[in-house]
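Each residue of the sequence shown is one higher than the one before, counting from 18 in our numbering.
Incorrect hints may appear among the rest.
Said to hold, decoys possible - Beta-carbon label-pair distances, calculated as ranges:
# : residue 1 : residue 2 : range
1 : Pro177    : Arg314    : 44 to 52 Å
2 : Ala310    : Gln277    : 13 to 21 Å
3 : Thr296    : Thr82     : 31 to 39 Å
4 : Ala155    : Arg46     : 24 to 32 Å
5 : Gly30     : Gly321    : 23 to 31 Å
6 : Asp20     : Arg303    : 28 to 36 Å
These are computed hints drawn from the structure, not numbers from a lab. Virtual Cβ for every residue (Gly too), placed ideally from N, Cα, C.
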Amino acid sequence: MSDVRSTNALPVGEQLAFWHNLVCDTFVRLDVATPGTGPFAGSLTSHQVGSLRIATVDADPHCVTRRPRLISSDEEFTHIGLLCKGQAVVEQDGRQASLHPGDLAFYDTARPFLLGFRESMEWKVFMLPRRLLSIPEADLRAMSAETVHGNEGLGRLVIPFLAGLAEQTGPYSEESSPRLAAGAVCLLETLVAERSGRQGLTAEADQLSLSPRIRAYINERLPDPGLSPESIARAHHISVRYLHKLFQREGTTVHRWIQQRRLEEARRELSRQGRAAVTIAFVAHRWGFADPAHFSRSFRAAYGMTPRECREFGRIGE
Numbered sequence: 018m019s020d021v022r023s024t025n026a027l028p029v030g031e032q033l034a035f036w037h038n039l040v041c042d043t044f045v046r047l048d049v050a051t052p053g054t055g056p057f058a059g060s061l062t063s064h065q066v067g068s069l070r071i072a073t074v075d076a077d078p079h080c081v082t083r084r085p086r087l088i089s090s091d092e093e094f095t096h097i098g099l100l101c102k103g104q105a106v107v108e109q110d111g112r113q114a115s116l117h118p119g120d121l122a123f124y125d126t127a128r129p130f131l132l133g134f135r136e137s138m139e140w141k142v143f144m145l146p147r148r149l150l151s152i153p154e155a156d157l158r159a160m161s162a163e164t165v166h167g168n169e170g171l172g173r174l175v176i177p178f179l180a181g182l183a184e185q186t187g188p189y190s191e192e193s194s195p196r197l198a199a200g201a202v203c204l205l206e207t208l209v210a211e212r213s214g215r216q217g218l219t220a221e222a223d224q225l226s227l228s229p230r231i232r233a234y235i236n237e238r239l240p241d242p243g244l245s246p247e248s249i250a251r252a253h254h255i256s257v258r259y260l261h262k263l264f265q266r267e268g269t270t271v272h273r274w275i276q277q278r279r280l281e282e283a284r285r286e287l288s289r290q291g292r293a294a295v296t297i298a299f300v301a302h303r304w305g306f307a308d309p310a311h312f313s314r315s316f317r318a319a320y321g322m323t324p325r326e327c328r329e330f331g332r333i334g335e
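Produce the complete structure using the sequences and hints provided.
In structure tokens, the structure reads:
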């Protein structure tokens, strides 16, 4: 079911304020600026496909900025912007991508960014919780504000698929919706892997389609201390041996990857501002560690600091 909202029926003096509130409600907190003070036309359509939120923006020239003071959301999202009409620039991490129709770019809501549209535009945004992308943080950061052209490389495959998801706003079945979202995640992960040079395009098709679903399954069940290779393999109708083989191809093990994801989520929670009252034992239990002492040892080995020190550093930034 899609939601459509626009400035069409509003008085000129109310259009920009309405648009500012609309983009903040749909995406994240942003500053909005326009070239002048006259009428502003904009419409926004959004719908959900599994874990993927998709929005289509049609609007007059304007600029949106995610400033440091606006970054306070507990959930971190990766946005993928696809330009369908006009020209756009995406700025993040000191880089600037210039986009033409048919190009896309990644940007992360947990860090400042700027989107500039110098003429009337159509912009499709694909919003994914960061935790669903099984991509090394360094690789994902390297993709921010980098132009992916729709007429070369994997862009010729990824961009038409995403555009089709955005255009088809009708309801999907309960089975189709998560599968389509998983397919989009798989393609995006493959795109990042290709750009980073970590993974060639000769990987077997089963790994490309099954591994992202398995990682998404694990991400959803990280707090469960009973999460194990046996339960994961059973849920995906594969053998434990084959499950281990999939992770070995990526240079890791099932246990190591689960622990790494649990530690990442625990570190994010401990370093979040305003979390000083949360005990270390609570965070350990919340992210699937039955033994707080084991959690502390693993955390220090991974990050070079104790969970308590991590929490204190987070308090310093308040």
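Item checked: Violations among the numbered hints -> 5
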